[in-house]
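Start from the sequences and build out the full structure, keeping to the hints where you can.
There are 2 protein chains.
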Amino acid sequence: MADTDDSSLFRESARERLAAREGFVLADLDPESTPGVDASKKRGEHALAEGSAVLDDLQVRMHANSLSGDRRSVLLVLQAMDSAGKGGIVSHVVGTVDPEGVAHTSFKKPTPEELSHDFLWRIRTALPAAGQIGVFDRSHYEDVLIGRVRELATPEVIEERYGLINEFEREISEAGISIVKVMLHISSDEQKARLGARLEREDKYWKYNPGDVDERLLWPAYQEAYQLAIRKTSTEVAPWFVVPANRKWYARVAVQQLLIETMRGFEQGWPPADYDIDLEKARLAAS
Amino acid sequence: MADTDDSSLFRESARERLAAREGFVLADLDPESTPGVDASKKRGEHALAEGSAVLDDLQVRMHANSLSGDRRSVLLVLQAMDSAGKGGIVSHVVGTVDPEGVAHTSFKKPTPEELSHDFLWRIRTALPAAGQIGVFDRSHYEDVLIGRVRELATPEVIEERYGLINEFEREISEAGISIVKVMLHISSDEQKARLGARLEREDKYWKYNPGDVDERLLWPAYQEAYQLAIRKTSTEVAPWFVVPANRKWYARVAVQQLLIETMRGFEQGWPPADYDIDLEKARLAAS
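Quick note, the sequences are listed as chains A and B, same order. Just so it is clear: in the first sequence, position 100 is 100 by this note's numbering, and no numbers are missing. Just so it is clear: in the second sequence, position 66 is 66 by this note's numbering, and no numbers are missing.
Simulated from the structure, these hints should not be mistaken for lab results. Quick caveat, the model's predicted, so the values are computed rather than measured. Each hint can be trusted.
Counterexamples of contact, computed for chain B against chain A with all Cβ distances above 12 Å:
(1) 29
(2) 154
(3) 175
Derived DSSO-like pairs (lysine-lysine); straight-line CA-CA distance at most 30 Å:
(4) A/108 <-> A/207
(5) A/281 <-> B/248
(6) A/204 <-> B/281
(7) B/207 <-> A/281
(8) B/109 <-> A/281
(9) B/281 <-> A/207
(10) A/248 <-> B/281
(11) B/281 <-> A/108
(12) A/192 <-> B/281
(13) B/192 <-> B/232
Glycine included, every Cβ here is placed at the ideal spot set by N, Cα and C.
This is how it looks when you write it as structure tokens:
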């Protein structure tokens, strides 16, 4: 049951459809679009609920196999402009997986301790254990996004980071971590509407930060930095997936499907018992 | 809506009903019972689903307030014999809260590094941040449970730990952490049935460990160690709650209700905006 793909709305592989290939142009991707899916919001939400059982099952299998020495894990990297829906992905896609199977890290402005190390130090300490789904809400990419736009390092240092990131990601993927890098792509108008909504409700005020508008004023520079990062760090082992995100239901279904396809690729069955089943039945009966 | 208590099955405070008071005798509590609740399994599962929205809302409020300097957090400590349902509490009670709001730690046999520190060292590093619900799957109590039963330290050292735990818990509760200590109480027969079920299904073999039967053979010694721990560490700031757990639905509803009551006690509204709302509306409109 959890092995069939019937519940998916995608008529083709989401990984194939959403990977940013050579020549990808961010500005040409419509944030309103729903690539690979032709369905209503209602059907999308239904598919999301069905997919959550599939994803949960795949994570439990991955965990079970990790107990017998399988080193595989998954790392979902989420990057986006403010209000694009990273939080919604965390709660609605990852949130349906058993908390024990999830390692979630939200990367904020680096602390003085973090700044005293190289930019990948805090990233390494947060990597998922075997059997887990790691989730990075923001990541090492901030160092070539806000880092570039706000000139937080010299151009040479920024430039060097793309290569360091590619090396790092190859290294951890060889160690068993399957990296799923997602950029949630919203339009400037959609962001304006979402930020505005936070100013209308008492229970949303806390989500608004005046700094969000400061960043918003740099929209073109951020789009350029994203385009560059996607071009320079889309590798064989860790391609970027760019997910149109004006429609929240689509973005959630798409990220869920990316995770499901990635983990199905592991082809993990249930590990055999590493003890004598009949003997244990007898010991238990006698206890 | 999230403020009403209509969805609860408890006709009295779960905290009041389940706290282990002076003179509490573990052996007198029936693991099949459902204290404070008279309902069917079906109604229990329905109430659990309704309560999850309430708990989620309370956590979001706690998080929102933490951004304005409120230091409060919650720490759910789960202790139990094997198969009593800790994992089910984590996935079905805590698992409905946004992963960003949860800090989950599963404590295993201490590593050499952990053993080179005092027994509370690894506990301190795992405490929840302000605004989070921390969950300990096993905890510092292992050091007076398996530690006592398996004589992993001298009797003097074990004896001293109860006092150290009480001091520690008072200290962290003064720092803003509300501790909810739960022992899930199952019967020996129920454990036998649950362990046996793991030996019957290929997809459950990985959950079984021959060591579980070794521990099971020490059942009376463990019950005695629990009784002692409950007696010596049920304090004003951190009482033990002993939850009958032969009926999984009851244990889940009860722990959910303990968390809800604890967090309702914070009486947190939505924090006011710490910026000028009209000014921000104008800035956003102009952006």
